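Student: Whenever a hint applies, use it, and build me the whole structure from the sequences.
For the protein sequence lines, the chains are A and B, in the order given.
Mapping to our numbering: the first sequence position 175 is 204, numbers consecutive.
Mapping to our numbering: the second sequence position 31 is 60, numbers consecutive.
Incorrect hints may appear among the rest.
When chains are identical, the list treats them as one kind, so a pair holds in a single copy or across two.
Pairs of lysine-lysine residues, derived as DSS-like cross-links and limited to a Cα-Cα distance of at most 27 angstroms, are as follows [said to hold, decoys possible]:
#1 K269 - K148
#2 K36 - K148
#3 K201 - K61
#4 K269 - K61
#5 K36 - K61
#6 K36 - K201
#7 K246 - K148
#8 K33 - K148
#9 K246 - K201
#10 K201 - K148
#11 K36 - K80
#12 K80 - K33
#13 K61 - K148
#14 K36 - K269
#15 K269 - K246
Just so you know, these hints were derived from the structure itself, not from any lab.
Bear in mind that the values here come from a model prediction, so they are computed numbers and not experimental data.
Protein chains: 2
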Amino acid sequence: MSEKVYKAALIIIGDEILSGRTQDANLNYLAKWLGMRGVNLAEVRVVSDDKPAIIAAVNAVRPLYDYIFTTGGIGPTHDDITADCIAEAFGVPLEIHPEAYRRMAEYYHSGVEAREFTKERQRMTRVPQGGTLIDNSLSIAPGFQIGNVFVMAGVPAIMQSMLDNLGDDRVKGGARTMSQTIAFDLPESVLAGPLGIIQHAHPSTQIGSYPQYRDGKAGVEIVVRAVDQTALDAAVEAVKALG
Amino acid sequence: MSEKVYKAALIIIGDEILSGRTQDANLNYLAKWLGMRGVNLAEVRVVSDDKPAIIAAVNAVRPLYDYIFTTGGIGPTHDDITADCIAEAFGVPLEIHPEAYRRMAEYYHSGVEAREFTKERQRMTRVPQGGTLIDNSLSIAPGFQIGNVFVMAGVPAIMQSMLDNLGDDRVKGGARTMSQTIAFDLPESVLAGPLGIIQHAHPSTQIGSYPQYRDGKAGVEIVVRAVDQTALDAAVEAVKALG
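Tutor: Set out below in C-alpha cells:
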C-alpha cells in the first residue's frame, strides 16, 4: 500500500533576488528541511515585490500542493507587502494580531531594544484574519500561517529560526526519500545508454545524472532516489556495475 | 518619452535543485547578465524533470515576457527531456540539427575526444524545428533558441559559455537600471517611516530595504534603483539625509 506523498511549493518574494543583488539561500535550506520530513519540494517561483504578481503566484500554487511557503517581504518598510497580498489572496481582512502585538510591545519596552514601538514596527504584527503565528526566536517579529500557506522572513537566519519553530504537527510528512550518489570519472554520455535501461528496469526509483567539469576533466555523479530501501539498493547495485 | 522596458523569465529545470542536492548558481548569474543589457528578470520558476510541469511552465511565461531562458536537462541521459518538452510546447517536431550534428561528429572523431559518437550523444543534436543554435565553446553540444525561448545547459560553466555566445542582436535590451546602495548601522524599522515618504516623493525610483544581522547587530542596506540618473541622485540624497 503506497503512502501519501506530501508536496510543497516555495514562493520567494523579492526584487533583490531577481536583480541579482542577493543570492537566495532559502530555497536550498528549505528543500533539505522538507526532505528530512518526507515532504517533496515540487516547485519554486521567484516573484518581484509586486502585489498582483504575488497574489497570482500564491493563488496559482495553493490548490496544487499540501504546503506553500513564502519568504520575504514581512518587514516594517513600504516594500514589505507580503501580509497584505496574502490577506487579499485569501479574501480576508489584515488585522493586528493581539499576541504578536503583545510580544513586540514587550520587546520594544524591555531593555533589549529600548526604542519606540512605532507605527511601522506595529505593521509587523498584522496577520490575515484566521492566521496563526510562526515564532521567531531571533528578532521576535513573527511569521504566520493561514490555511496551507506559511509566511516567513527573507533573512536566512530568521527564516531558519521560523522553520525551527514549526513542529511536525504543522508540517506533517510522509515516507522519506532516500538517496545514494555514485561518482564516475567518465563523461556523462558514456553512461547514458545503460542508465536509461537501468531506469526503465527500476521504475520505483528516480535516477538522475549530473555532469561535472573539474580541472577541465569531465565526470558525472549518478544519484539514485527511492522511498523503498530494497528498491534503492537494487538500482544502486546496477549503477555501480557500470564502473 | 519612455523607452520600452525589456523583461525576461527564467525556468530552472532540475530535480537536483528542488531536492536541495545542488545550490543553483544560474539565477544570480543570469540576473546580472540581463541587468547589464537593460533587461529585467521579472520571474523565475524552478520545476522538476517532469514533462507536463516543464511544458506548462514554458507555455505560461512565454507570452508574458520578451525573453524566456531555461537551464538544465539538455544532456545525453534519460532524464534530459528539455528539448522534447520545448518541441511539444511549440507544437513542432524535434529533429537532428545538421550543423549541431556536424560539430559533434567532428568533435568525437577528432583527437580531443576519441570516443564513439553514440546514439545518446546524437540526442544532444536534436533541436525543435525552426530553432537556431546557441554555441557552447566549452563542451561543443549546443543549446538552442526557438521563438523567444533560449534553452541552455544547467552546468554553470557551460551556461555561462552559452550566454557569452549570445550577441546583442539576439538579446536586445533597453535602458539600464542603475542602482546605489546606502548602508546604515540601524535597525530597519527606524528608517521605515521616512523611507516610505521618500519612496512616495520619488515615484520613478524603486527603493528597497534589506535588513541584515551581523555579529548579533541589526543593520540595513537601502538600495535605490532607477533608469534616470537625475532621479536616482535625488532619491539617494534624500535617503542619505536619514543617516
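Student: Now look at each hint and say whether the structure bears it out.
Tutor: Going down the list of hints, with the structure as the test:
1. K269 - K148: between (62 angstroms within a copy, 22 angstroms between copies)
2. K36 - K148: So K36 and K148 fail the 27 angstroms test inside a copy (38 angstroms) and across (36 angstroms) alike.
3. K201 - K61: Answer is within: at 15 angstroms inside a copy they meet the 27 angstroms cutoff, but 38 angstroms across does not.
4. K269 - K61: Within one copy only: 25 angstroms inside, 40 angstroms across.
5. K36 - K61: within (13 angstroms within a copy, 31 angstroms between copies)
6. K36 - K201: within (10 angstroms within a copy, 38 angstroms between copies)
7. K246 - K148: Between copies only: 22 angstroms across, 58 angstroms inside.
8. K33 - K148: Intra 45 angstroms, inter 38 angstroms, cutoff 27 angstroms: neither.
9. K246 - K201: Classified as neither: same-chain Cα gap 43 angstroms, cross-chain 34 angstroms, threshold 27 angstroms.
10. K201 - K148: For K201 and K148, neither the intra-copy (36 angstroms) nor the inter-copy (44 angstroms) Cα distance is at most 27 angstroms.
11. K36 - K80: Answer is both; intra-copy 25 angstroms and inter-copy 17 angstroms each pass.
12. K80 - K33: between (34 angstroms within a copy, 22 angstroms between copies)
13. K61 - K148: Result: close neither inside a copy nor across copies, 37 angstroms intra and 36 angstroms inter.
14. K36 - K269: Classified as neither; 30 angstroms inside a copy, 45 angstroms across copies.
15. K269 - K246: So K269 and K246 pass the 27 angstroms test inside one copy only (21 angstroms; across, 50 angstroms).
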